[in-house]
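Between the sequences and the hints, there should be enough to build the whole structure, so can you do that?
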Amino acid sequence: MKFPIDGFPIDEGRLRRALHPLAELPTAPGWNTEELHDLLPRDAASVEAAVLVGLVPRDGGLNVVLTRRTDALRQHAGQVSFPGGRIEADDADPVAAALREAQEEVGLPPQLATPWGYLDPLSTITGYRVLPVVAGIDPGFVAKPDPDEVAEVFEVPLDYLMTPDNLARIDIEYRGRPRHVLEYRSYEHAPDQRIWGATASILFNLRQRLENAP
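According to this note's numbering, the stretch in the sequence shown is residues 1 to 214, in order.
Check the hints yourself; a few may be wrong.
Quick list of simulated restraints, FRET-style, between CB atoms [claimed, not checked]:
#1 Ala23 x Pro164: 11 to 21 Å
#2 Asp171 x Pro147: 35 to 45 Å
#3 Gln208 x Ile170: 27 to 37 Å
#4 Thr163 x Ala89: 36 to 46 Å
#5 Val142 x Thr33: 14 to 24 Å
#6 Asn212 x Asp148: 37 to 47 Å
Simulated from the structure, these hints should not be mistaken for lab results.
Glycine included, every Cβ here is placed at the ideal spot set by N, Cα and C.
Printed below as a string of structure tokens:
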């Protein structure tokens, strides 16, 4: 499979080179913090969270595992997201938190996931500092979503998500100043799934890091 931006193949080696190594935990604030500086209280402490950006090898290339949250959740109800959540005190590190959440939400056994590294931390409007963990997923994995949290599990080809023309920047006016949100154009095999906001920003960060990978 060819990387649609510069023609380089997307393989495990290039993905690993694009990521922060597992041994070098990113400590910086969210790369988008400036965009949110006036939306959160100045003294608000970020809640540490981790998500799993799972990549599954399929016949056509790598697919990204995504979920649609149930409509009954208090936060992010009905939104497309990665499996994940807050880092608990008994989690050894963000990788352990991401794998635990993936097992709880979509039934992913930890032994079927191979963590490769981290993306840059992302700040959310709900007060989280999210650390995305990128991992290879065994193609034999069959999702078993927790109905209390996940309405649906689906996959989207990585090459579609990494193609610049498929990602739109939408300008909005919010709380007195211009802002923008990222949103993917409708994907033909998942036309009812709206991939936007924090999820789209995480994928955009992956694209940026792949573009700059050696």
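Here is how each hint holds up against the structure:
1. Ala23 x Pro164: 11 to 21 Å: Given range 11 to 21 Å: violated, Cβ gap about 31 Å.
2. Asp171 x Pro147: 35 to 45 Å: holds, 37 Å
3. Gln208 x Ile170: 27 to 37 Å: violated, 18 Å
4. Thr163 x Ala89: 36 to 46 Å: Distance hint for Thr163, Ala89 holds at roughly 40 Å.
5. Val142 x Thr33: 14 to 24 Å: violated, 38 Å
6. Asn212 x Asp148: 37 to 47 Å: For Asn212 and Asp148 the Cβ distance comes to about 39 Å; the hint holds.
The structure fails hints 1, 3 and 5 (numbered hints given earlier, in ascending order).
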